[in-house]
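J.: Go ahead and model the full structure; you've got the sequences and the hints to work with.
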Amino acid sequence: MTSALYSSAPDTAVERHTFSVLVENEPGVLARVIGLFSGRGYNIESLTVAEVDRVRRLSRINLVTTGSRMIIEQIKNQLDRLVPIHKVRDLTVEGAHLEREIALIKVVGSGEKRVESLRIADIFRAHVVDSTNTSFVFEMTGRPEKVDAFIRLMEPLGLIEISRAGVVAMSRGTDGI
Amino acid sequence: MTTDPTKTESRAMTGAEILVQALADQGVEVVFGYPGGAVLPIYDALFRQNRVRHILVRHEQGAVHAAEGYARSTGKVGVVLVTSGPGATNCVTGLTDALMDSVPLVCLTGQVPTHMIGNDAFQEADTIGITRPCTKHNYLVKQVGDLSRVVHEAFYIARSGRPGPVVVDLPKNVVMAEGEYTTPSDLDAPRHGSYRPQMEPERAKIEAAIELIANAKRPLFYTGGGIINSGPQAVQKLRELVQLSGYPITNTLMGLGGFPASDKQFLGMLGMHGTYEANLAMAECDVMIAVGARFDDRVTGRLADFSKGSKKIHIDIDPSSINKNVRVELGIVADCGRALDALVEQWKARRCKPDATALKAWWDTISTWRAKDCLRYRQSGEVIKPQYALQRLYELTKGKDVYFTTEVGQHQMWAAQFLKFEEPKRWMTSGGLGTMGYGFPAAMGVQVAHPEALVIDVAGEASFMMNMQELSTMMQYRLPVKAFILNNRYMGMVRQWQEFFHGGRYSESYMDSLPDFVKLAESFGAHGVRATKPEEVDQAIRTMIETPGPVLADILVDQAENVYPMIPGGAAHYEMKLGPDHGELKETTDKGMVLV
Ligand SMILES: Cc1ncc(C[n+]2csc(CCOP(=O)(O)OP(=O)(O)O)c2C)c(N)n1
Chain A
5 MTSALYSSAP DTAVERHTFS VLVENEPGVL ARVIGLFSGR GYNIESLTVA EVDRVRRLSR
65 INLVTTGSRM IIEQIKNQLD RLVPIHKVRD LTVEGAHLER EIALIKVVGS GEKRVESLRI
125 ADIFRAHVVD STNTSFVFEM TGRPEKVDAF IRLMEPLGLI EISRAGVVAM SRGTDGI
Chain B
162 MTTDPTKTES RAMTGAEILV QALADQGVEV VFGYPGGAVL PIYDALFRQN RVRHILVRHE
222 QGAVHAAEGY ARSTGKVGVV LVTSGPGATN CVTGLTDALM DSVPLVCLTG QVPTHMIGND
282 AFQEADTIGI TRPCTKHNYL VKQVGDLSRV VHEAFYIARS GRPGPVVVDL PKNVVMAEGE
342 YTTPSDLDAP RHGSYRPQME PERAKIEAAI ELIANAKRPL FYTGGGIINS GPQAVQKLRE
402 LVQLSGYPIT NTLMGLGGFP ASDKQFLGML GMHGTYEANL AMAECDVMIA VGARFDDRVT
462 GRLADFSKGS KKIHIDIDPS SINKNVRVEL GIVADCGRAL DALVEQWKAR RCKPDATALK
522 AWWDTISTWR AKDCLRYRQS GEVIKPQYAL QRLYELTKGK DVYFTTEVGQ HQMWAAQFLK
582 FEEPKRWMTS GGLGTMGYGF PAAMGVQVAH PEALVIDVAG EASFMMNMQE LSTMMQYRLP
642 VKAFILNNRY MGMVRQWQEF FHGGRYSESY MDSLPDFVKL AESFGAHGVR ATKPEEVDQA
702 IRTMIETPGP VLADILVDQA ENVYPMIPGG AAHYEMKLGP DHGELKETTD KGMVLV
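Taken in order, these protein sequences are the chains called A and B. According to my numbering, the first sequence holds residues 5 to 181 in order. According to my numbering, the second sequence holds residues 162 to 757 in order.
Please note that a few of the clues may not be correct.
Computed cross-link-like contacts, DSS-like style, restricted to lysine-lysine with a CA-CA straight-line distance of at most 30 Å [what the hints assert, rightly or not]:
hint	chain 1	residue 1	chain 2	residue 2
1	B	Lys303	A	Lys91
2	A	Lys80	B	Lys469
3	B	Lys694	B	Lys581
In silico contact screen, one side only, chain A against chain B (beta carbon under 8 Å); selected entries [what the hints assert, rightly or not]:
hint	residue
4	Glu28
5	Gln78
6	Pro148
None of these hints come from the bench; they were simulated from the model. Note that this is a predicted model, so its numbers are computed, not measured. Ideal placement from N, C-alpha and C gives every residue a C-beta, glycine not left out.
T.: If you want it as structure tokens, here you go:
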């Protein structure tokens, strides 16, 4: 008997998993997904949704969640059970994948701090998309941890507002979802 | 309206007519419902045809439970029709019940016209929002052009895969608009390519399962309602596999009837009030074969101590049932019937021979557990023991074409222990949700499906009073349902928990000011009988069975009787409490106390 047939051993350690979910683009489908998470007490760390196939009316939900192995497996199966859901992929389990996030970050200040913020933005390859004499709005794209790091560095430099889009994800390599 | 000439069935009809046509084409014979403003066009369409019959209930909750009884006793989809707002909200309990117990239903709810949705219109409720978590799927039909497709799809979703309730919300302008009808055969596969239950088991997993099963030393089959939902093939193949292997089998509350109770390999029901032998066999087995069961907390007890030494095989059509509560070694997603068929085939092909010595030792152990005679009770004195009443009910109905439903409470557990089911679909009880008020309307639905059969609701007086208005429906449609009320003047199950876990403080569990059930029956034009002493029980049962029409049997039973065996909430199987002469109940831990 090959071990692949058997479920892995129980594990209570909390893991972070990224899912990509292909859904029918119909009213209420997002409510079904969110209702599932709130009703069953699962965590949502990030959720993004947009139409990706106009002809077949498919939307893609990218979802970051945390839980034990058993919970993560439940989340996948519970999502898969919803009628308008086409595909559920646990990218974390399936191997190498990309995660990107876009964020707008507003920093207000002058003098040294203002210069310092520009210098750091440059290192992070963030762009200035709006500026006044005393403020910048930076646009940055990258892995969520990179966005976190940038925000942390901006905090002492006059950070006053953050807008993050949430994680979009995709597997590496030749296979499509 | 443009008509597609290739579709011979297509012609302009109103939405209401399309709906009724779709029901007829889905093979619907009967709808349980209650009218109101938003559904009047549908009632008008029903009035002008005679293919689909309508049963007018007295409360929408009754309609849903009746449809559940109809569905569970036939294997067909039960259909409900109610109005918007309160009509729809009154269905929520029944829908949740059907979801928990995997009962196929289509519930048609009226809705205010589309242009008024969201305006707090009269009798508007967000039915889709309210029923989203208590249905398998739900639809709001926004245009008449979608109507036939949605209705056909709703039936397909309700009955396929793991069955469940589907709500179709119908705005009044949509059912009044003219549109075209499409027959089920005109539809390609239902639009949701996303919905595709996995029916066939993976070959490699079946082979791995057979390996485990054939080499077991202390095996046990643990089967549930999935066997019954799956249908005759599952029932047949389960019998074959159990017989071929010679292994013991236990059923869940929902699974009773999935395997003949009289068979010597049957250990009875398992779980909180299951038999000693079934629960200890669960605790001690080395290979557990779970089929169409879902490791409910009423079955497992304390998870940390649940059958620690066993390898578990779990066959279920719902992938989310596998590894939900209990980690299993081998999960097989498939229809039970097909998986069991494959197992039987493999067993035969490989000429499997169980380890006879080990199996004999296992059965010897089981015999010592059986010898405890855990359901033993003593009928003495002037007071009727509820167990005695049920045992007599079983004896006096044995061999008849009989169906049983129950309410929820002690009587339900005694019914599960003392009635014996030889075939599936004869036992309808609210397992997952535990809905008091389920049994009486469910019995009504069973009776509609089986007009000549004897249909008995085993009830507690408190539960009975939750949906007793349906007696009026039964009178109207001449549905001779019998309610066998084990009247202990208490919410017995609540009283039992208060006695065990709350220092005997019987807070609000005594039923005061009960009606005289005999007179109550008479006031509806039905018949009532009463038994107050053990020697009156047989006569009361005979009268109940022989009297035409609905009968309420008021059986006054011992007020202090408790259900045994009992595994207290949060305890392990081996911590089971047997009757009063078998020793004290273990102190329940705080952790156990929070469990229900
Ligand atoms: C709708 C609903 N409300 C409350 C409960 C909680 N409950 C479970 S059993 C029970 C008492 C049932 O009393 P009765 O119908 O007289 O049956 P008995 O236990 O006495 O046999 C109650 C209140 C429930 N199961 N369902």
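J.: Lysine 303 (chain B) and lysine 91 (chain A) were given as a pair; does the straight-line alpha-carbon distance stay at or below 30 Å?
T.: holds, 26 Å
J.: Minimum Cβ distance from proline 148 (chain A) to chain B below 8 Å?
T.: violated, 28 Å
J.: Please verify whether lysine 694 (chain B) and lysine 581 (chain B) have alpha carbons no more than 30 Å apart.
T.: holds, 24 Å
J.: Need the status of pair lysine 80 (chain A), lysine 469 (chain B): alpha-carbon distance at most 30 Å?
T.: Holds, at about 26 Å.
J.: Next item in the hint list is glutamine 78 (chain A). Is there a CB on chain B closer than 8 Å to its CB?
T.: holds, 6 Å
J.: Hint validation: glutamate 28 (chain A) versus chain B, beta carbon distance must be below 8 Å. Holds or violated?
T.: holds, 6 Å
Checked against the numbered hints above, the structure violates only hint 6.
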